[in-house]
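Chemist: Positions 1 to 79 (my numbering) are the ones given, in order, by the sequence shown.
Fair warning: there could be bad hints in the mix.
Unchecked claim - Here are the simulated SDA-like cross-link-like pairs (lysine to any residue), alpha carbons at most 25 Å apart as the crow flies:
no.: 1; residue 1: K19; residue 2: I75
no.: 2; residue 1: K79; residue 2: L44
no.: 3; residue 1: K24; residue 2: K79
no.: 4; residue 1: K6; residue 2: S42
no.: 5; residue 1: K24; residue 2: K65
no.: 6; residue 1: K19; residue 2: T49
no.: 7; residue 1: K19; residue 2: G47
no.: 8; residue 1: K79; residue 2: A40
no.: 9; residue 1: K56; residue 2: T67
no.: 10; residue 1: K65; residue 2: C11
no.: 11; residue 1: K19; residue 2: G63
no.: 12; residue 1: K19; residue 2: F64
no.: 13; residue 1: K43; residue 2: E31
no.: 14; residue 1: K58; residue 2: Q8
no.: 15; residue 1: K6; residue 2: D18
I should point out that these hints are in silico values taken from the structure, not numbers from a laboratory.
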Amino acid sequence: MQITYKTQGVCARSITFDKDESGKITNISFEGGCNGNLKAISKLCEGMTADEIAAKLKGNTCGFKSTSCADQLAIAVSK
1 MQITYKTQGV CARSITFDKD ESGKITNISF EGGCNGNLKA ISKLCEGMTA
51 DEIAAKLKGN TCGFKSTSCA DQLAIAVSK
């Protein structure tokens, strides 16, 4: 199933990805944000389960913000 998550508190406006019945995440893409970094995060997380992504990225912050695009991805895949 394809999911689009509207981010909060970060430069990227949304995250789109596919999540299968086992929780495996594929086809991650960010709209907006730091293009190179977000492409790298997407590639590194490709094929991981939602739980694996959340365990690695949850709580990551960006500068003075209380969240980051990586943290928003962790939140999105956990829903």
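Chemist: Work down the list of hints and note, for each, if the structure agrees.
Modeler: Tested hints:
1. K19 x I75: The hint holds at about 13 Å.
2. K79 x L44: This hinted pair holds, its Cα atoms lying about 20 Å apart.
3. K24 x K79: Distance ~13 Å between K24 and K79 Cα, so the pair holds.
4. K6 x S42: At roughly 16 Å apart (the allowed maximum being 25 Å), S42 and K6 satisfy the hint.
5. K24 x K65: Given pair K24, K65 is violated - Cα atoms ~28 Å apart, limit 25 Å.
6. K19 x T49: holds, 9 Å
7. K19 x G47: Status holds; Cα separation ~10 Å.
8. K79 x A40: holds, 22 Å
9. K56 x T67: holds, 14 Å
10. K65 x C11: holds, 11 Å
11. K19 x G63: violated, 29 Å
12. K19 x F64: Violated, at roughly 31 Å.
13. K43 x E31: Roughly 15 Å between the alpha carbons, so the hint for K43 and E31 holds.
14. K58 x Q8: holds, 14 Å
15. K6 x D18: holds, 15 Å
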